[in-house]
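Top to bottom, those sequences are chains A and B. One point on numbering: in this note's numbering, the residue at position 53 of the first sequence is 53, and numbering is uninterrupted. One point on numbering: in this note's numbering, the residue at position 306 of the second sequence is 306, and numbering is uninterrupted.
Simulated from the structure, these hints should not be mistaken for laboratory data. Glycine is no exception: its CB is placed at the ideal position from the N, C-alpha and C atoms. A couple of the hints might just be wrong.
[Said to hold, decoys possible] Which chain A residues stay away from chain B? Per the calculated CB distances, all over 10 Å, these: (1) 52; (2) 65; (3) 180.
[Stated by the list, open to error] Taking CB as the label site, the calculated pair distances span: (4) A:183 to B:174: 40 to 46 Å; (5) B:179 to A:161: 14 to 20 Å; (6) B:264 to A:204: 43 to 49 Å.
[What the hints assert, rightly or not] If you only want the chain A side, here are some residues facing chain B, beta carbon under 8 Å, derived: (7) 47; (8) 49; (9) 142; (10) 216; (11) 220.
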Amino acid sequence: MKIVVCVKYVPDPASQPRFTAGHTVDRENVPGRLSELDEYAVEQALRVVDAAPDTHVTHLTVGPPQAAEALRRALAMGGHAAVHVSDDALAGSDASATALVLAAALRRLTPDLVLCAMASTDGGTALVPAMLAEHLELPQLTFATEVSVDAGTVRVRREAVQATEELAAELPALVSVTDRIGDPRYPSFKGIMAAKKKSLQTWTLADLGVPADQVGAGAARTVVDEITARPPRAAGTAVQDDGEGAWHLAEFLATKKFI
Amino acid sequence: MAGIFVLVGHIEGQVGKPSLELLTLARRLGTPIAVCSGSAPEALGQYGAERVHVIESEDIGAHPIGWVQALAELAADTPPDAVLTEATPHGREIAARLAVRLGGGVLTDAVDVQPGPDGPVVTQWAFAAGFTVTARVARGVPIIAVKPNAVVPTPAPVEPAVTRARLVPDEASLRTRVVSRSVRESTGRPGLTEADIVVSGGRGLAGPENFALIENLADALGGAVGASRAAVDAGWYPHTHQVGQTGVAVSPQLYLAVGISGAIQHRAGMQTSKTIVAINKDGEAPIFDLADYGVVGDLFQVVPRLLDEIARRRA
């Protein structure tokens, strides 16, 4: 079985985000990393390998040159190979263009199972998995909190807003996983060393047959006109409870008409 | 009649508040066309749906892709000026697939939508709500997933024209099978994302049994119950109540954090609340940096007294 895990190189959430002149997220001039939520998807792929060692796992990303770091990190956790779609024409791509390019790469990689995180930790739109499923005409099983693959069928459990659901689909299929699905393994020293020898291919848009005018800032379906930092919330009043704290709080809630 | 498609959720005719908010927003942009399944609830006309398009299908209920097909079929017939969905996982999936199918552009997590010279102007909060973003769809049909509480739903009664269409799900729509679906028992409390008041508990509660305090306080205020990731990971409260980056993002009128320190992941899910109140024994906890009002003290003392005080004032 072939699994492809789609991963993303994101600005380190601990650092202050920066934006380009075109109001897109600056991924080139800030410290970046493999999106933490992607590690849960990588982990699930590796668990399939643990149970079925003939499974082949490829990590796939679309991003600037530095995005290779995210692939090396995923390879250090495990898996066999990585593909990095990188092309100057991709700068400023929105979710639609990213999904278009990932879909083109997935058509070449022909996986039985596509694994994604529930969302990225930067844009956080959670759109790309469903867009990929649509492009590739795959059944989608999203926001999984449990996943299992057996005899050509993938099953997931998920907590929807009003119900707990079990979904199933025949492979090939696309699954996105939440951070409830099980803690990702930490790369071992051996894993980090082994990752350096694993195949990491770089593909361009031409390799994939995606016209450059369908991606990048110029083709973006969505445009950001303005980004402004929200003023930090000013801390208000704090009282030390000396037995009267609840009374003071009730007073506050009453003046705000909550009680 | 070009219009604004509004994907409406209702349970046996009871239209959810987020759907009424979408109709209210749609009126700003054009002619609201409500799209729903089963029946045409009266509330849709009361909130300005000029047309109600009812999808008849047994399969459409649980899974998003049938809706994608239904909306795409309707769009082929009546191309919309925009499509509005809720920014739930369900609504996002529909928005994402529909955008690919219609060649539209999607904006998610809208906290405001206004008409503009080049189509709807969407306001979003990005990066743990640290930034305000205004964006629009430059190519294709604008498809906008809107967060609950983006607007106060206001009635504008009309007599809607009701149309019906039978959906015959295509093969692709049926490939994901719902093997089982167990609907959670209703708590009788408002839903977390749409509640005006949210009371959340964290690690400070020290055990699952003490969440009764949070539930009592939520009930006294007519609010929903939330929980921090620490409390959920400890198994004290169901994950569906987790407020934060990978749980639910809320933006109520009042957010009351009890025994929650205010880690960045939690703040990402609540710091846009209009008023924030914190009760925590650690005066250095980061939650106090956000709180409009804070009580530094033992929650096991403060919360019962607060409940008594609320009861006394109501008596």
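- Item | Numbers of unmet hints, in rising order | 3, 4, 6, 7, 8, 10
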